[in-house]
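Asks: From first to last, the protein sequence lines stand for chains A and B.
Position in the first sequence counted from 1, then plus 348, gives you our numbering.
Position in the second sequence counted from 1, then plus 3, gives you our numbering.
There may be inaccurate statements among the hints.
[Unchecked claim] From the derived model, a few chain A residues whose C-beta atoms are all more than 10 Å from chain B:
#, residue
1, Gln370
2, Ala430
3, Thr459
[Claimed, not checked] The calculated EDC-like cross-link candidates involving lysine to aspartate or glutamate, where the alpha carbons are at most 20 Å apart (straight line), are:
#, chain 1, residue 1, chain 2, residue 2
4, B, Lys59, B, Glu18
5, A, Lys419, A, Asp374
6, B, Lys57, B, Asp87
7, B, Lys71, B, Glu18
8, B, Lys8, A, Glu407
9, B, Lys74, B, Glu45
10, A, Lys357, A, Glu407
11, B, Lys74, B, Glu18
12, A, Lys362, A, Glu427
13, A, Lys362, A, Asp374
14, B, Lys40, B, Asp27
15, B, Lys8, B, Asp34
16, B, Lys40, A, Asp404
17, A, Lys357, B, Glu45
18, A, Lys357, A, Asp374
19, B, Lys57, A, Glu449
20, A, Lys405, B, Asp4
21, B, Lys40, B, Asp4
22, B, Lys71, B, Glu45
23, B, Lys40, A, Asp386
24, B, Lys8, A, Asp386
25, A, Lys405, A, Glu427
26, B, Lys59, A, Glu427
Calculated directly from the structure, the hints in this document are not laboratory data.
Every residue, glycine too, gets a C-beta built ideally from N, C-alpha and C.
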Amino acid sequence: NAGVTQTPKFQVLKTGQSMTLQCAQDMNHNSMYWYRQDPGMGLRLIYYSASEGTTDKGEVPNGYNVSRLNKREFSLRLESAAPSQTSVYFCASSEVGSSYEQYFGPGTRLTVT
Amino acid sequence: DQQVKQNSPSLSVQEGRISILNCDYTNSMFDYFLWYKKYPAEGPTFLISISSIKDKNEDGRFTVFLNKSAKHLSLHIVPSQPGDSAVYFCAGGTSYGKLTFGQGTILTVHP
Chain A
349 NAGVTQTPKF QVLKTGQSMT LQCAQDMNHN SMYWYRQDPG MGLRLIYYSA
399 SEGTTDKGEV PNGYNVSRLN KREFSLRLES AAPSQTSVYF CASSEVGSSY
449 EQYFGPGTRL TVT
Chain B
4 DQQVKQNSPS LSVQEGRISI LNCDYTNSMF DYFLWYKKYP AEGPTFLISI
54 SSIKDKNEDG RFTVFLNKSA KHLSLHIVPS QPGDSAVYFC AGGTSYGKLT
104 FGQGTILTVH P
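Chain A extracted, bound-state conformation (with noise of 0.2 Å):
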């Protein structure tokens, strides 16, 4: 069991290239999420898909777009990335219960220029 796998693991870009984020779960969970780290704003919620063909708004989702492109797979789209948006990226996935536990990918660093 991988559990979450995240590609790329870096990647620097210029602004206004775009790229994608991908994302895989190998837990059959229902639901997956996508965060943004930064320095003294612990984990801010971008977007999430509570089950397959459906994906919701989080706190911050400007200049960014989601595909949940099968049960196992949830992509972040930028589509003309900004300095803003350097950060650290987490996918996460949960079955959602009793307990809201989510498992969390190991992060994609995203330096923009």
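Take the given structure of chain A and dock chain B to it, following the hints.
Replies: Here is chain B on its own, set in the frame of chain A:
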């Protein structure tokens, strides 16, 4: 509006002593509270949780206390070990399993 706050950016403790990490929240709709631990260059890992209808949950060296009237929770680690050195995040959980995280507290346990 920061719904979950961890007011101490860092905490330093001697090995074998108790570590107490604190968290305050404002959202009364949280059903669950969770603590996550994060090492550098890794994703957060789940540590312990507590339902909003309970006031204490214990798992080995880790105990979480919830004071609903004060909207405050704390994580106690006894005894602290150098391997506990990490960033600790508290989080509140609502519908669809959405979590709202605090800013994190860096715990350093000295040998």
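Asks: When the hints from earlier in the document are held up against this structure, which numbers fail?
Replies: Checked against the structure, the hints that fail are numbers 4, 6, 7, 9, 10, 11, 13, 16, 21, 22 and 26, while the rest are satisfied.
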